[in-house]
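Just so you know, the protein sequences line up as chains A and B, in that order. Per the working numbering, residue 1 is the first one in the first sequence, and the count goes up by one each step. Per the working numbering, residue 1 is the first one in the second sequence, and the count goes up by one each step.
Worth flagging that the hints you see were computed from the coordinates, not collected in a lab. Think of the CB as a built atom: it goes at the ideal place given N, C-alpha and C, for glycine as much as any other residue. Keep in mind that a hint or two might mislead.
Derived CB-CB ranges, DEER-like [to be verified]:
(1) A:V30 x B:E116: 28 to 36 Å
(2) A:V56 x B:T60: 52 to 60 Å
(3) A:S34 x B:R250: 36 to 44 Å
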Amino acid sequence: MNIFAGIGAGVLGLLADIGRLAMFTGRALVALVSPPLYGRLIMGQILRIGYFSLPVVGLTAFFTGGVLALQIYLGGNRFGAEAIVPQVVVLGITRELGPVIAGLMVSGRVAAAIAAEIGTMKVTEQIDALTTLATNPIKYLVVPRLVAAVISMPILAGIADSIGVFGGYVVATASLHFTGSIYLKNTMDFATQGDIVSGLVKAAVFGFIIALMGCYHGFHSKGGAQGVGAATTAAVVSSSILILAADYLLTSVLFGR
Amino acid sequence: MNPKIQLIGVKKHFGAKKVLDGVDLTIEKNSSLVVIGGSGTGKSVMIKCVLGILRPDEGTILVDGEDVTHLSGAARDKVMTKFGMLFQGGALFDSLLVWENVAFGLIQGRGMKRAEARDIAISKLAKVGLPEDVAYLSPSELSGGMQKRVGLARAIAANPEIIFFDEPTTGLDPIMADVINELIVSTVRDVGATALSITHDMVSARKISDRIAMLYGGKIIWQGPTGEIDRSGNPYVDQFIHGRADGPIRMAVKA
Ligand SMILES: Nc1ncnc2c1ncn2[C@@H]1O[C@H](COP(=O)(O)OP(=O)(O)O)[C@@H](O)[C@H]1O
Ligand SMILES: [Mg+2]
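Take these sequences, add in the hints, and give me the full structure.
So this is what it looks like as structure tokens:
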């Protein structure tokens, strides 16, 4: 095949995908603001998306905080600045690693699960069945997941922040000769409200991305089991990439660079 | 003449493939029409166009004389309350219990209280011959025949004016198929509904219809009262109802 034809087809395909995603997002937002809001379904999804992600988010945040303390200590050591560990750990965790670690973990768990569930409903005609039962599938399936993810993610990120800082504290006091009370005091004195809030805002955006990608790829899966598998992979990959891209954008907006 | 549903020149294609190429079909009020046709001829696509699940490229669809071709949102949901549909694979919600499936349209679509909707669901399950304890099972615990019955109970739960059946007997043993046929006939009569079924099962088609139409090549090529199907004089219909490999219909090996 002609190489230009190949590139052209690729570009057209990409544009069509972006258009479809934009339309899907628009429909989801319209459904979000038009009543009724299914409170029962939102609660169920908060449990699934938020509560059941706690162990994996907590565990990864703990180790991230620990390894961060260790690296900063070793790096700072080279120019006699190892005392800065608590300040850099809390800054790195609250602004950056808490929300991003939570986002990537939830992306792997939840975007995949949402895409698999909705994709299966699509290929077994359950989504068509919703329409025939006078229920808007976007409203019934997408909106509760979006709302639940946007509510759950800042909570998860806040927990990841605390556990991450705690991980740093454990490593610093257990093997880096820091005194516990001084470590905590330095942490508290240094972290500002802005650091924490900016991280939670990021987390809410990541939650939106995760639920949107899971739902979008689920709704557009085709074929049988293979199509659902492809949708699941696409949901995880695209939400992870978008989380990191959005992280950069939000950081430059929130911190004016 | 009192048409409940009319399709006028309905066309639908996917990519380069024309599936429906100008379908004209009228379904009289309180009648039972069966559309026959081979696998992959577009029978499911046709009813999905009427239900608004797929959007036709051209043509008009009237329900009670109202043009519903381009309805969406709340207006579409409102029209959908006239319909009940039994899907080919059942399409039961596997995250919900059997009774919640049956009551779904009442609770979500019409805002009925759960307790009240559950009582109605249990009575509808009894109508299709399922005992109350089935109501508290999950759809994955049921056999294919029982899933079809639950799908039927869900389709009739809100007393729809119009019921669609997509291949109601496909994949069932002959006895269960006959049970489902009987249920279709009796429920349609009880509810006083207009029925549109699609099938390639001629035994079922003869039993549940008062008129039959045949879809071939994207068009309705013959229609008439059920009793006349053996005297249609149409070679395509003859080949289909006798299940012969030889004849004017050439099976595409690639769907
Ligand atoms: N959503 C879709 N996208 C692309 N092709 C489709 C879609 N739905 C149906 N088709 C194609 O349309 C043709 C008719 O399908 P269908 O109506 O399901 O046949 P049947 O008469 O067996 O019910 C098939 O070849 C199918 O591959
Ligand atoms: Mg079909």
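Do the hints match the structure? See the list:
no.	hint	in the structure
1	A:V30 x B:E116: 28 to 36 Å	31 Å, holds
2	A:V56 x B:T60: 52 to 60 Å	53 Å, holds
3	A:S34 x B:R250: 36 to 44 Å	50 Å, violated
Hint compliance for this structure: hint 3 alone is broken.
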